[in-house]
Each structure stands twice: as structure tokens, then as C-alpha cells.
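**Student:** Here are the chains, one letter per residue:
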Amino acid sequence: MPKKTIREVIHDTVQSEMRRDPTVILMGEDVAGGAGCSGEDDAFGGAFGFYKGLVGEFGRGRIIDTPISEAAYIGAAAGAAMTGLRPIADLQFFDFLGVCFDQIYNQMAKFRYMFGGKSDTPLVILSLVGAGLRCGAQHSQSLHPQVTAVPGLKVVMPENAYDTKGLLLTAIRDDDPVIFLLHKLQFENACEVPDEEYLIPFGEASFVREGTDVTVVAFSAMVAKAVAVADRLREEGISVEVIDPRTTSPLDEEAILESVEMTGRLVVVDEAWERCSVAADISSIVARKAFGALQAPIMTVTAPHTPAPFSPVLEDLYIPGEDDIESAIREVIAYRR
Amino acid sequence: MPKKTIREVIHDTVQSEMRRDPTVILMGEDVAGGAGCSGEDDAFGGAFGFYKGLVGEFGRGRIIDTPISEAAYIGAAAGAAMTGLRPIADLQFFDFLGVCFDQIYNQMAKFRYMFGGKSDTPLVILSLVGAGLRCGAQHSQSLHPQVTAVPGLKVVMPENAYDTKGLLLTAIRDDDPVIFLLHKLQFENACEVPDEEYLIPFGEASFVREGTDVTVVAFSAMVAKAVAVADRLREEGISVEVIDPRTTSPLDEEAILESVEMTGRLVVVDEAWERCSVAADISSIVARKAFGALQAPIMTVTAPHTPAPFSPVLEDLYIPGEDDIESAIREVIAYRR
Amino acid sequence: MTRRKATSGVKLDREQLLRAYRTMRTIRAFETRMGQEFEKGTVPGFTHLYSAQEAIATAVCMNLTDSDYIGSTHRGHGHSIAKGCDVKGMAAELMGKATGICKGKGGSMHVADLSKGMLGANGIVGGSAPLCVGAGLSAKTRNTGGVAVSFIGDGGSNEGAVFESMNLAVVLKLPVLFMYENNGYGEATGFSYAVGSGDISGRAGAFGMPAEKVDGTDFFAVYEAVQRAVERGRAGDGPSAIEAMTTRFGGHFVGDPQLYRAKGEVEKQRREMDCIPVFVDRVLKDKSVTRKALQDIDAQVESLIEEAVEEALAAPYPGPEELFTDVYKTY
Amino acid sequence: MTRRKATSGVKLDREQLLRAYRTMRTIRAFETRMGQEFEKGTVPGFTHLYSAQEAIATAVCMNLTDSDYIGSTHRGHGHSIAKGCDVKGMAAELMGKATGICKGKGGSMHVADLSKGMLGANGIVGGSAPLCVGAGLSAKTRNTGGVAVSFIGDGGSNEGAVFESMNLAVVLKLPVLFMYENNGYGEATGFSYAVGSGDISGRAGAFGMPAEKVDGTDFFAVYEAVQRAVERGRAGDGPSAIEAMTTRFGGHFVGDPQLYRAKGEVEKQRREMDCIPVFVDRVLKDKSVTRKALQDIDAQVESLIEEAVEEALAAPYPGPEELFTDVYKTY
Ligand SMILES: Cc1ncc(C[n+]2csc(CCOP(=O)(O)OP(=O)(O)O)c2C)c(N)n1
Ligand SMILES: Cc1ncc(C[n+]2csc(CCOP(=O)(O)OP(=O)(O)O)c2C)c(N)n1
Ligand SMILES: [Mg+2]
Ligand SMILES: [Mg+2]
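If you read the sequences in order, they're chains A, B, C and D.
Going by our numbering, the first residue of the first sequence is number 1, and it counts up by one from there.
Going by our numbering, the first residue of the second sequence is number 338, and it counts up by one from there.
Going by our numbering, the first residue of the third sequence is number 675, and it counts up by one from there.
Going by our numbering, the first residue of the fourth sequence is number 1006, and it counts up by one from there.
Misleading hints may appear alongside valid ones.
What the hints assert, rightly or not - Taking lysine-lysine pairs in the DSSO-like style, the calculated list, with each CA pair at most 30 Å apart, reads:
1. K52(A) with K1178(D)
2. K52(A) with K1273(D)
3. K1273(D) with K1045(D)
It should be emphasised that the hints constitute simulated quantities derived from the structure, not laboratory data.
If we strip away everything but chain A, and leave its shape as in the complex, we get (with noise of 0.2 Å):
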């Protein structure tokens, strides 16, 4: 089977997905670039090439390139996803949600509510999340429990590039809004992914390796992090369920709740600021849902109390590592009331 990357993955799907359904656009600013200009068209194919090539294949009439204007660009993706079109909107960095958050949970998630079920609004936005890049606090953040709060949203955070296939084909073909957030230093990662068509439902978790010690819930970068952690345990005999949910909305609350019954034990790894994350809200679900399984406290790894700093030696500090992960599976499987 063909080994892809996610970046690579991205750009045949969507390419085929505008292959299949003449209603899919692109839209956002330098999906294609090179507008206005004196040279190349086609010159970005969006901030870090995804869709290199496709302009040329589909024209200016379906890759949009916009003015710097989010407000107005991820809102006329809403208009024309109520309208007859699927949008797929790109949003460089998730970290200017900002400017245009009024217009994803004010505006498009709301609809079809409001309007008493009688609108579809099929759109995807697609971003890219987390710290890293060595790009201090503004463009180094994870803000996806913005987003995996509000009702009538999705919000998908794929690992690898094999599931983001599978689950982006679904987002474009969602009648729902979905949030398709990557993880900015992930997008180069590659696996095996076939060429057929293939589709992963939302909410459905994906078991990463099968353990019966400690149930580790990770998603996004934090997967590959939770794994080699549990990797590591597994010689010295600590046998590690890791769980990455995929999407942040719908929740596999299920498989959670089953591994944690098993297990007794949960470690939650989210890349957000602590507060109000997505590891805070799944560990709230099964301190509920699973009480009288859990064995030891549940252990959320995240991101401190801190803007991310530029630097890169603090930056390596402010990011959930390996380290954190371990010593939250040691300090639950040392537990004893």
C-alpha cells in the first residue's frame, strides 16, 4: 500500500472530493496564490501547500483565494453551505479563530436549530492547532475546546493520515458544520493509505494499542507521544490501553467508559491549556459515568496555565511530553487509596 502523508492525504481528498461533487469549493486566503500577481499562479496552494496543483485542475471559480478578511470568508462559506454548496473553508492557524468565531458558533452552528431543522449547512473548515513551531503565544495554540463546547458543531483531530482520510471524506460529506483540525507539526507524518475510497464515522474512537492497566485517552499529536510512552511500559510489564478519540464532537464516550472499566485507571493527554479542555471535560464524563470502576484519581496531561512561550528551551517545557505522560501512568498505577 502507498505510504502518504497527511499533507499529501489532504490534497487527494479534497481533489477528489471536487472530482465527485461539482458543489465542493475551496476557499481561504492563498488556497491557490499567486492572484494579483506578476508571477506563478498556483504559487502557494495554501500557507503549507496542501492544495498545490489544484488550481489548475479546478480554476479560480472553485479555489477561492480571498482578501485577509476571516470574518467575511468563513461567514461566505456559511451563505453558499446554506445555499446549495460545500464549502471547504481553510483557516491558516486555528490561533485566529478569533476574528471569525462569530460566525461559527453564532452563525453556522446554530442555523440549522434556529431555523427549527430546515437547513443543511455542509461545510468543513480546516485549521491547524497546537505549539511547536517555535512561533510564540499567537500562533502556537490549541483552541479546540472553543469549538468541541459548542453544540451543532463537529470537531475532528485527526492523528494520522490514513484516518484523516477516512474522516475528512466524511466531514465534506457531513450536512453538519465540522471543524478538521490538524496538528501543525503532524502534517508531514506519513502511513500506508489506500487508494480506495473509505469512510470513518464520526464518534467512533480508535484503538491505538489494547492494554489493561490504564486506559491513556489522546488525540491529535498527543497519540504518537501516548504510544511511544506505552510502548515503553509494556516491557516493563505495564500494559497500556491508549484511546484517541478522533473526533472531539461527537465523543466516543463508550469506548472510554468500557476501557475504564476495565482498566480502572485514566490518564487524559490533551495539548490545551488546562482549564476547560477537552482532558478536563473527559475526565468529568467518567468521574460521572464510571465512578465506581475508577481505581485512582484520572490524571489530566495538558498544556500549563501559560501563554506558549517563543522559546524554544520553555516552548519544549510548555508542551505535554512523554515525561508528563509517564509519570501520570505511574502516579495512577502506584495509587492505592
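Place chains B, C and D with the ligands on chain A using the hints.
**Tutor:** Below, chains B, C and D with the ligands without anything else, positioned relative to chain A:
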């Protein structure tokens, strides 16, 4: 002692601080009203009349009506705060967060950190949260988790006039940005408020009821409901401790943990949506730090994962009610492993 | 504002004139009655009435079909009626009833009917401008010949999302009309204070599109300007802006004491700036229609509104299960 | 753009001319060196260089004192140096060192020094315009005679927060200068595409303030225009806008292959639109300064930058405890 409503306390406190400190200014839409009109100046005094009369005393130079452009004036408040003023920015409904969120989490919240500690940003954003006004999905939200999550912000959610005074004084004199959130249904609530100045520090919970069987944490409009339930259950011999953290950031973890260490049971009440709520946050802190004391699942009582409905019959079901709190308490009391 | 003479370039036939009259009268009667119902307590929440501005919504929507779109504001009843939303469903919606046009889940600020191209009233000032740009993009991409009209108040004209939307529509050359209704007020703040340039259409023009100012109390003036703009849009020539000068007969919301208006201002405007008598005078003088025909419509409208209110009052509230439906298509 | 003749209304004395030259040369040398350091890997993250635009920051800031304010962009090194930020502190900041001007916690996109009135580079396009309006409000309220200058790119000119800020500054009549640097590009998109009207200053003017377009490669032209705007601001006459036409010698960020620019474009612009030789030609022709004086400055600048880089490279990283400090004053 005189009784005052929250509305009166806001008025009087802003007035006394503006008298005391010439750098305090007030800005927002219709904080005076009447600009460019044929009738009276001071026509609104804020959308809810909080500031009625202040423009007469302080003039339009310090009571500043702005066009409907929240990003600009909330950001301007931050810019003024960096450069020698102490602005109070009125944002009529916190539901409008989405049009000015960037200025809040990317700008004011991060300056001190990004600039290496070399700046103060002393400003207060005063706004209203909550449902119950029958105004539909875009005017009924409880978006405090969105800001509680953000490092660099402080978030105050007083439940009564007495606390409002002491906390607002602290907020205005604080050198960090403070989000001060009143509940839409509450500002006519009155209680005894001393005329003298008193400051209530942030991060100090108030024990509204003492009890030994179960801890209920509630804030803002939820406190009164929790207290009503507590008082009712007391007659049955169930002793409920009600803690109002008053500020969600900083959070008085200690008070909550101490109480749970004693009662072994916790119910957290929050009008926000369930996912990534402050209720979930507090639940997760307790599940991590006071697990050993817990004798029952931690219950959270929140709004459901739906937009706020307009129809009064549905909205009443949407808002967490006394019955929801009561059944959560009964459930944890009845729980046996 | 000095009232300009009704223009006369547009030729509307009798049926169209009666339709225009019926729409304006329906809006006025609906709003008047909803104001009363609000005061009685049968309409919960906030209600913002459109009275005085009827000519604008009517003139705009008479240039549109169901495959054109409008995006509205918090003051959306007039736009909705003009775009063809069911009046009975609207009355029930405002009362939060199960028979409401949005099942009672939206309310006054969220009336919508996508089958009519009405993309929703909007509780967020400026919130619908981007949506209309998107609807215009959709019409252009799907090549339907449709246009999208974004209604924006003078207050709302200062929102960032509106400015961005104008630029985006110009850049993508979309069939969008930015329809500014300058009623002189944004809540309790005068337009002349809040719009720094004092000129909404001039500002819109500087974004790179044709923009004109018209007398919003003159149905015909608005109709003509909109016709030009809509034609431009349908022809693929891009967006336009119109600033229609009008007023507001009521407060910002029902119950607003309007201290910011001088005594007598509203009375004077009711005498001088009421688009309905202006329209009636004109069509009677032209002998385009008979007084009798107008009176028949008056009677029909009154009974329609009466019926709508009675049915709405009698209608059931949504069942409790409705709280949880319509959040997602699938979840 | 056709290059306009250097104007000659401004009388700057020798010392001022040398100061202008020193600033421009310092910026150029700093950026050139930082680009090299970035490529060596000693400067982490993204780095956006200001080379080509030096005349603008320099001309603006020579009209300002420490009690005036500027708000900057992601491309903020030039503004910072011109406003008097310590170059050594900046070099260390870009490398994330403890001796950085922000203790290494901010980085390239967050260089700031409030004691110099430099309110920060900004990673959010358009993000600093509202802040500058606030700084102008502060200056006006505290009656300091200060002004605030918001630097905005051609791409950033399309952000809602910027439009709102212009209107707010006009309404409140604040001493604010909206300083547009039109370098022709926002990332890989041309200004002529992204600004629908093709005219940033015309659009700004329609917000109700004086707005002019100047040749941004001509230090003197910018200086004069800024002088007028700053005087207006200090006199209490409200905001102004200037659009300075310029270019960008490098990519959007260091490493950008710039496919969107035709081959030879940058080379041609380097020959024809480099503000530094334009300035030098002018002052030598005028005999205002000697070539020797300029060469002395060149040497001093080179050694300053060399020293700054060496010290920065040798400086320690912040200690781990720094992760948790400076979040709040008290918490
Ligand atoms: C983003 C946002 N800011 C503020 C408000 C509160 N608000 C509702 S209507 C209104 C005034 C709008 O004025 P205008 O656009 O002129 O419309 P009009 O009421 O005159 O129809 C304001 C400030 C809001 N709903 N949304
Ligand atoms: C709100 C926001 N949107 C998008 C970006 C990504 N971005 C960074 S710089 C830039 C281009 C800015 O162009 P311009 O304003 O012309 O400034 P220049 O780079 O030419 O100095 C973009 C799109 C951002 N940082 N913030
Ligand atoms: Mg108005
Ligand atoms: Mg540029």
C-alpha cells in the same frame, strides 16, 4: 444597611472609582446614548441603564459612546490600558464575544507574557451571560468557559450585589484584564450593601451554606438555585454545603477540595453547555486532587448540548433548574459502590 | 433629510402595485399587532419593529424571486414578509409555538425560510453580511442567475464583518446588494455620530462598487435603484450598495422610551415620512389603482393578521423532546 | 508604480539626516543578518523581514518621541528599531534568549518596548489597529499631546478590525495615523487583487479623514506626509491615513520561494526601488552630508549588528521557571 440592586452597585462603583481615579474611563455602545440625536443625552446609560447619569457627571470624554464595532473598541480599551488608562469596556451581551474575541485572547491576555512582564493591561470588560430572557440562541449563551480557559485573563462571575461591589472594585484596580460577567436575569437582585469601600480578593470562594453530606459548587445565577435546594433538603436532614467560587479564574481550588475532603460528594452546577464547561473543569480538578475522598460519582448539572431555544417552554427546560440540582444531589447521596 | 420627489421611471402594472401595497400594509399591520401582543405578554423576549421602513423591504423583494436570497437583521419581520415568509408561521414563531415557521425554536430574531431564499433574521449586528456574500458566491458558482441582498442598518454599517464583506464581494465580483437602511439610529445613538464620514453610500463606493443614496420613504425610488443593482448582479457585473434614508416610528425595541428623540420628532416623521401614504397618494394620483382596491386589501390584511394571531395564540407549544432535536442532522 | 521625484519641502539638519540614514542602515543590516541567522538555524520560528521598507518606519518614527506610540505587524523589526528598541535585545529576542527584549518569551512577532512607545509587533494581521486607537484615546484623555501610529500592510488593510478602527478614530477624533505600507503583497496574493477598489488611501479617505498616497521609497515624501498627519493629530484635528507605495525585497517569510513573482522582479526593484540609495543620492547631491559620514555610520552599524548577534548567540536561554512567570501580575 441600605439595600441595593446589582444594577445600582455597578453604577455606584463605577462612579466612585471614576471620582477616585481620573484614569478610569467607560466605553461601549450607548453607555451614555443620545449622541448625534435630537433628544436627551444620557438616554440609555448602557443597554440596561447601569451607567445612567454618569455622562452628566464625567462628560463624553470619559463616558464614551462607540459605534457598533466591538473589535475596535474592546481592542482600543486594551490599547488605552497599556498606555496609562484603566478602561471599563461594556459589552452588552457576552454572546457578542465572537466579534471581538481576538482582541481578548490573542491581544490583552498575552501582552504581559509576550512582552516579558514589561506591561500592565488594567481593564475590565463588563458583560452579561446566561439564558432566560427569551431571546433565542444568539442572546442566551454562557460563554464564560471560553475565557476561563485563557491564561492571562481573570474571570469574575458574582451572584449578588454585595459581592459585585467588592469584586468590581478589585477588578477595576487590578493590573490584568478582567472579564466581569453578570447574569442577564440577575441585575435587579438586591441585598444589603455597605456604603464603605471593601475589596473582595479574586480566587476566594464564598461558603454560602455550610453542610457535611454533599458539596455543591455553583456560581452566578446558579447559586440561588443551589441554595434553594440546599435549604429544602436540610429539612429532610440532608446537609448540603454550597460553595460559590465567585471567580472562575483564578479558582479557589482549595476551598472546593477541602469541602469535598469532608463531604466526599460533589455536584457542580454551571449554566454553560456541558462540554468543556467550568463544571467539567472543576469536576476534573476534584477527580484528580481529591479522589481519595470521593464516595460517589461527581455530578455536573449544566445546559444540554443544544443551542438555547427561543420558546419559553423549551428554554425553561434548557436552563439548569432546581429539580436538576436536587436530583443530582439525591443521586450522589444515594450512591453506594 | 429633505424628502425627494417620487421618481417615475419605473413602470409597474396594476397587479404589481397592489402587491406592493399589500406587502407594505401586511408588514405595518403585523408589526403594529405584534407590538400590542408584546405589551400583552404573549410575545416573549425582545421585539424590534420595522414600522416606517416597509417601502424598502418591499421594493427590494419585488425585484427578487425565490431563488434569490436575502439576509436580514434583528429587525427582520418586514424583510421576512416581503420575501414571502408565511405570516401565520411568523406570528406563531414570535410566540414560541410549535406551529412557528422555525417550530418556535428561533423566535423574532431568527425567522427564516430557506425555501423562500430568506436566510434568517440575525441577532448579531452585521452577522448576515458574510452569509449573503456566500449566497451570492453560491448563485454565481451554480450559475443560477440569482442575487443576494444583505440588509444592514446604519449602526450595523460600522461592523468589521460588513466592511470585509463588501471588499470580498468586490474582489470575487459577486451578485450581492448591500442594502443599507439608514433609519437614523443604532439603538440610542444617532447615525451622524456613529458613521464618522456621515455618508454610508460614499464609504461603500470607496470599496469599489456603484453605490447610491435614495429616499427610503419612496417605494419607487428604492425600487428603481434596486432594479439597477439587481440587474448588475444578474449580468455578472458584481456587487452594488444602496443607502436608503428612512426612519423608525417606534423605539429600538418595543418598550424603549426613546428619550434620545426630541419631543414631537416621531409625530412629525409619521406625518412626513410615512412610506405608505406616500405610496397611496402617488398611485391614486396616477389613477394606477382605485381607492376601493386598496381598501379591499386593507380589509384582507387586517383579517389575515387577526387570523394569524388567533391561530398562533391557540397553537400548542413545542413538546419537550424538541429541546434536543435539530442540533445536528446526525450525531 | 512610477517613482516620483524626491520632494524638497522638508528641512532636516545634518544630524537628523545622519540619524535617518543610521536607522535605515541599521534596519537593513539587522534584517540581512537575521535572515542569515535564520538560515543557519539560530533564529527559530517564522521570520518576516522588512528590507525595502526602511524609509517608511524611519520617516514615521523620526516624527515621534517616546511618548508617542506605534503598533506594529508580524513584519515588525524595522518599526521596532526605528522607534528606538534596543537592537541587541532584539537580536537576543529573536533567538529566544533570556537577554531578549521580552526575555525570549515573545520572539520575532512580539518584539515590544512600552517604555519607547512600541506597543508590540503583532502576529494577528490587523490586530494592532484597535490597540493604536486606544493609545490615541489614552494620549487624548491624558492630554499628553501624543499620537499613535498603526502600521498596516496592504493585505491587512482588508481586515474588519482595521476598518472599524478607522471609523472609531474618526468618530472620537483621535490622534491616530493609519500608516499603510503597500508593498504589493499579502503573502502570495497581490494587492491589486485583494483590495477590491485598488486604492487603500481612497478607501481610508471615505471613512472621513485626510488620506494620501506617497512614494514609500522616498524618505522625504513619507516624512513630509507623516509630519502633516502628526501635526494634525497633535493639534486635536483627528486621525489621518497615508498609503506608502513600496515593495518587499524578500519573500513573505525567510525561505519563501516567491513563485508568485515574475523572474527578475525583485532584481529590478532592488535596482529601482531601494530607499537607501535613493536617500544617499539625494543627500550627497544636496551636499547635506559627506560620503565619509555615511561610511562611518556603515561601519558602526556593521559592528553593532555583529556585536548584537555575537552577544545574543552567547547569551543563556531563560530558566525553566520563566515558563510560569509573567502570566499575571497577581493571581
Ligand atoms: C455584534 C452586536 N453588537 C451589538 C448588538 C446589540 N444591538 C442590537 S441592535 C443594535 C443597533 C443596530 O442598529 P442598526 O444597525 O442601525 O439597526 P436598526 O436597529 O436601526 O434597525 C445593537 C447595538 C448586537 N446584537 N450585535
Ligand atoms: C488574522 C490573520 N490572518 C492571517 C494571518 C496569516 N498572515 C500572516 S502575514 C499575512 C500577510 C499580510 O500581508 P500584509 O498585511 O500586506 O503585510 P506584509 O506581509 O506585506 O508586510 C498573513 C495572511 C495572520 N497572521 N492573522
Ligand atoms: Mg438604524
Ligand atoms: Mg503587504
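**Student:** Take the hints in turn and mark each one as holding or not.
**Tutor:** We went through each hint and held it up to the structure:
For the proposed pair K52(A) and K1178(D), the alpha carbon gap of about 46 Å is over 30 Å, so the pair is violated. The hinted pair formed by K52(A) and K1273(D) meets the criterion: a straight-line CA distance of about 28 Å does not exceed 30 Å. For a cut-off of 30 Å, the pair hint linking K1273(D) to K1045(D) stands: about 27 Å separates their Cα positions.
Hint check: a violation occurs at hint 1 only; the rest are consistent with the structure.
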